[in-house]
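Q: Residues per chain are reported as follows:
Protein chains: 2
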Amino acid sequence: MELFSSSNINFDALRRKAFNFRWAEVEDGVIPLTAADPDFPVAPEIIGAITDYLSDGYLSYTPKLGMPQLRKAIAEDLCSRKNEGVTEDLVLPVDSAARGMYIIAGAVLEPGDEAIVMDPVDYLFKNSVMTAGGVPVYYPVSPDKEIDFEDLEDYITPKTRMFCLCNPHNPLGKVYSEKTLEKLLDVCEKHGLWIMNDEIWSDMILGEKPFVSINSLGGEKNKKTLSVYGFSKAYGLAGLRVGCIYCRDREVFDRLVDASGVLTTAGGVSSLSQVAALAAITKARYWSEAFTDHLRGNARYAVKRLSAMPGIKAYMPDATYIMWLDVRDTGLSSQQFTDFMQEKVKLALVPGSEKMFGPGAEGCVRMCLATGREVLTEGLDRLEKGLEMLRRGE
Amino acid sequence: MELFSSSNINFDALRRKAFNFRWAEVEDGVIPLTAADPDFPVAPEIIGAITDYLSDGYLSYTPKLGMPQLRKAIAEDLCSRKNEGVTEDLVLPVDSAARGMYIIAGAVLEPGDEAIVMDPVDYLFKNSVMTAGGVPVYYPVSPDKEIDFEDLEDYITPKTRMFCLCNPHNPLGKVYSEKTLEKLLDVCEKHGLWIMNDEIWSDMILGEKPFVSINSLGGEKNKKTLSVYGFSKAYGLAGLRVGCIYCRDREVFDRLVDASGVLTTAGGVSSLSQVAALAAITKARYWSEAFTDHLRGNARYAVKRLSAMPGIKAYMPDATYIMWLDVRDTGLSSQQFTDFMQEKVKLALVPGSEKMFGPGAEGCVRMCLATGREVLTEGLDRLEKGLEMLRRGE
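If you're matching them up, the sequences are chains A and B in order. Throughout, my numbering is defined as the position within the first sequence, counted from one, plus 10. Throughout, my numbering is defined as the position within the second sequence, counted from one, plus 10.
Possibly wrong hints are sitting among the right ones.
Same chains, same names: a pair is fine if it fits in one copy or spans any two.
Simulated crosslink set (SDA-like; lysine to any residue; CA at most 25 Å straight-line) [unchecked claim]: (1) Lys293 <-> Ser65; (2) Lys169 <-> Glu120; (3) Lys395 <-> Asp303; (4) Lys323 <-> Ala300; (5) Lys293 <-> Asp66; (6) Lys200 <-> Asp22; (7) Lys234 <-> Val36; (8) Lys219 <-> Tyr63; (9) Lys293 <-> Asp62; (10) Lys74 <-> Met140; (11) Lys82 <-> Arg25; (12) Lys219 <-> Ala34; (13) Lys323 <-> Leu75; (14) Lys323 <-> Glu35.
The set of hints was computed from the structure by calculation and includes no laboratory data.
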């Protein structure tokens, strides 16, 4: 049985266990192409590593800064695959990439400070800035135009303290060229800005354009770059709540540690989640690569199908396993469109609402591809049928 | 084999896995009676429940407010054993009791607000208040005198917003009478104060004095009581990072939820930790009760041994599995005493430092009892020998 064949999906388990707008939260019969969480079980090596850790029955306190073997494995992985040049002593495991973003914003922003947030982008950027008392300033991006930061300085004021980079970009699925990232670094250096650099999608590269980490452009340039990575997207560990933050400067790292609460027991990552993340990096790369291959096929298939559907504009993402569909030609708002599809053809999608992605998301919807080909095909069939019903005014 | 016999301790596992000043962090040969974390493996039912959850390989997102079956089990347990009258919809699982304290302080304190913190008490009270921008005001407590809150109003100013209750008290090991808690509620109601009510030690009752939860004194009186409970002390799950906060008022609960970050993926508890906590409550009470019986025996034995040691004043704790030893008669400071014992007789204890317990802790040290009788005996032998060396000026 192939790892990512439809027959490897356990729908009973998903209906019991998959929350966050997914199988366990939708009405019976609805296909949820919603939250970016795989429909496939995780690599067996991850389950094996957790089981091994459990075998002696001890669930004691772990080291405050995380298990050394995990910090080392993360640093080695970031260096060997993405040339990030980070050292293990500057890697801090945290309980989700999302928490990492909040820690970063909390560590560097003072109330009233402005942070530039792309629009659209995942709502965690805006929320992390606002929770720290900061003010998000939207920088418009669009799939129609290369993101090149040429006009970035127009958005910088004396109060600007941080730029929030989502690379690869969720929901647009874009990766940035080296030249673009150099430009960003130059602008941020000129204005003394921190960079919150979210790379949670950096393993899922679907197109020809390679992923370039901003950290690979040199340590000195990245003294104010604060990065986030996680294990939910590439390894299916969303429920375990484990990710990490890392940087290139010791003093900055100490600020992150202080802000994280790990020096008390208020912060930290479950021992089993750390064990799972370690197994993911050291034993389950083959799984993540096969998963990416599967998703590349899913994305190509979806683009082909979607481009034949009137009312929808779709494109092949460079990365991620989500697609960003422009549905403005249907005449419906994002919310109306997703409500219609959910009600009429039992297909759940994520509306491009201001709350989820910012004001620039209106008119778009997000579709997740992390399922078997059969489910995806059925989902696209339903979308097609829904569009037909819409045209007929049903 | 008895559950809590010395032969059931796996020292190899502890040396690999038990951090936070315990076996994996001390020099070889040192006995760590330090952090309050059991030397025994957890109940096999907990391992079984985690293994069951793992069997299908899905580690998907869990519900934002926590697994409903866990919230229900916690509410039922708090009601049936402690008469707390809390309902499942007002229980929020959080990733450690410590995090719960930070969430509570963050939800109700504004910068500059004062919160009354007992002295001595676990440092998490002070730290949670300060992280929220609040100002801790110390209320002195002592093992020599019943804590009765008769002079509590002397510590209340127009800026006071919260009283922090640790019941049972860490490190003093005291429980409060119903009359005392009524008095506290009256004073707090009169001045409109929130109560942060930490009950993480409420399962470990060693003496004759019963544990009374402040929540058992009636819902109306407890509209501003915000409680914390956890699974580290009674079930040995410190490494899994799972606890809960709960209250008696819907509006107040919503404030806690907002402050917790669980509505985004920034907050929450690992699925496996939730499964473990559920198994602890529903299947491992027998284990926790047997553990408490074992600890009661350890405490009685330790009191007997310690009362024969010149230079040390010890007493039987009402609750917890820690003992608070007054070592002022040795002429050493807390830190000097613990340094001496660690160096001379390879016994690690927790110094009563201002950082760990507040200024009123000076002259005392904390000793953990959560081990087998053999280790405890060896620890007390070493303490005795250390005191003898001290007297001889070695």
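Q: Next, verify each hint and record whether it holds.
A: Going through the hints against the structure:
1. In this assembly of identical chains, the alpha carbons of Lys293 and Ser65 lie at most 25 Å apart whether taken from the same copy (19 Å) or from different copies (19 Å).
2. For the identical chains of this complex, Lys169 and Glu120 are neighbours both inside a copy (10 Å) and across copies (24 Å), given an alpha-carbon limit of 25 Å.
3. In this assembly of identical chains, Lys395 and Asp303 lie within 25 Å of each other by CA distance neither inside one copy nor across copies; the values are 28 Å within and 66 Å between.
4. Taking the shortest alpha-carbon separations for Lys323 and Ala300, neither the intra-copy value of 28 Å nor the inter-copy value of 65 Å comes in at or below 25 Å.
5. In this assembly of identical chains, Lys293 and Asp66 lie within 25 Å of each other by CA distance both inside one copy and across copies; the values are 22 Å within and 19 Å between.
6. Taking the closest pair of Cα atoms, Lys200 and Asp22 never come within 25 Å of each other, the shortest separation being 54 Å inside a single copy and 54 Å across copies.
7. Taking the shortest Cα distances, Lys234 and Val36 never come within 25 Å of each other, neither inside one copy (42 Å) nor across copies (36 Å).
8. Proximity of Lys219 and Tyr63 under a CA criterion of 25 Å is satisfied in neither setting, with 39 Å inside one chain copy and 39 Å between copies.
9. In this assembly of identical chains, the alpha carbons of Lys293 and Asp62 lie at most 25 Å apart whether taken from the same copy (14 Å) or from different copies (22 Å).
10. Proximity of Lys74 and Met140 under a CA criterion of 25 Å is satisfied inter-copy only: 20 Å between copies versus 27 Å inside one chain copy.
11. Only between protomers do Lys82 and Arg25 lie at most 25 Å apart by alpha-carbon distance; the minimum there is 20 Å, versus 36 Å within a single protomer.
12. Taking the shortest alpha-carbon separations for Lys219 and Ala34, neither the intra-copy value of 36 Å nor the inter-copy value of 46 Å comes in at or below 25 Å.
13. Taking the shortest Cα distances, Lys323 and Leu75 never come within 25 Å of each other, neither inside one copy (46 Å) nor across copies (36 Å).
14. For a Cα distance limit of 25 Å, the shortest separation of Lys323 from Glu35 qualifies neither inside one copy, at 28 Å, nor across copies, at 58 Å.
Hint check: violations occur at hints 3, 4, 6, 7, 8, 12, 13 and 14; the rest are consistent with the structure.
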